[in-house]
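With these hints in hand, go ahead and build the complete structure from the sequences.
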Amino acid sequence: MGSNVWNGDNKIIQTLLRDLRKESGLTQLQLANLLDHPQSYVSKYEMGERKLDLPEIRRISICCGSNLHKFVAEFEKRLSKKA
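Per the numbering used here, residue 7 is the first one in the sequence shown, and the count goes up by one each step.
To be clear, the hints were calculated from the coordinates, so they are not data collected in a lab. Quick reminder that beta carbons are idealized off the backbone N, C-alpha and C, glycines included. Hints may be right or wrong, so weigh each one.
As the list claims (entries may be wrong) - Derived BS3-like pairs (lysine-lysine); straight-line CA-CA distance at most 25 Å:
(1) 87 / 17
(2) 28 / 76
(3) 76 / 50
(4) 76 / 57
Claimed, not checked - Per label pair, the in silico range of CB-to-CB distance:
(5) 42 / 74: 14 to 20 Å
(6) 44 / 85: 28 to 34 Å
(7) 35 / 85: 18 to 24 Å
So this is what it looks like as structure tokens:
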């Protein structure tokens with residue numbers, strides 16, 4: 007198992023990505039298939055073993071029935087609660 011690459015504010019992104027998938031009703035495998043990646047791709051970023059760039063987060067958001075704007079708004083909301 008790799009080390010956790012998420013820390014600080016990035017931990018919010020990790021949690022938000024997992025919550026987004028679960029709220030959409032998708033399993034890791036279903037989301038991975040939509041993204042044309044193996045299930046381990048989803049598992050690794052949800053477990054904190056892989057960081058994502060903005061286009062990847064956008065694509066994940068869309069596959070989960072959301073969009074990047076909503077993702078960022080929720081990130082900002084959770085970030086402000088942390089402060």
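Tested hints:
A hinted pair counts as satisfied when its Cα atoms are at most 25 Å apart, and residue 87 with residue 17 qualifies at roughly 14 Å. Distance restraint check for residue 28 and residue 76: the Cα-Cα separation of roughly 16 Å lies within the 25 Å cut-off, and the hinted pair is therefore satisfied. Restraint check: the Cα-Cα separation between residue 76 and residue 50 comes to about 23 Å, which is no more than 25 Å; the hinted pair holds. Simply put, residue 76 and residue 57 have alpha-carbon atoms about 19 Å apart, close enough for the 25 Å limit, and the pair holds.
At about 19 Å, the beta-carbon gap between residue 42 and residue 74 stays in the expected band of 14 to 20 Å. Between residue 44 and residue 85 the CB atoms are about 31 Å apart, so this pair conforms to the stated range of 28 to 34 Å. For the hinted restraint 18 to 24 Å between residue 35 and residue 85, the CB-CB distance of approximately 30 Å leaves it violated.
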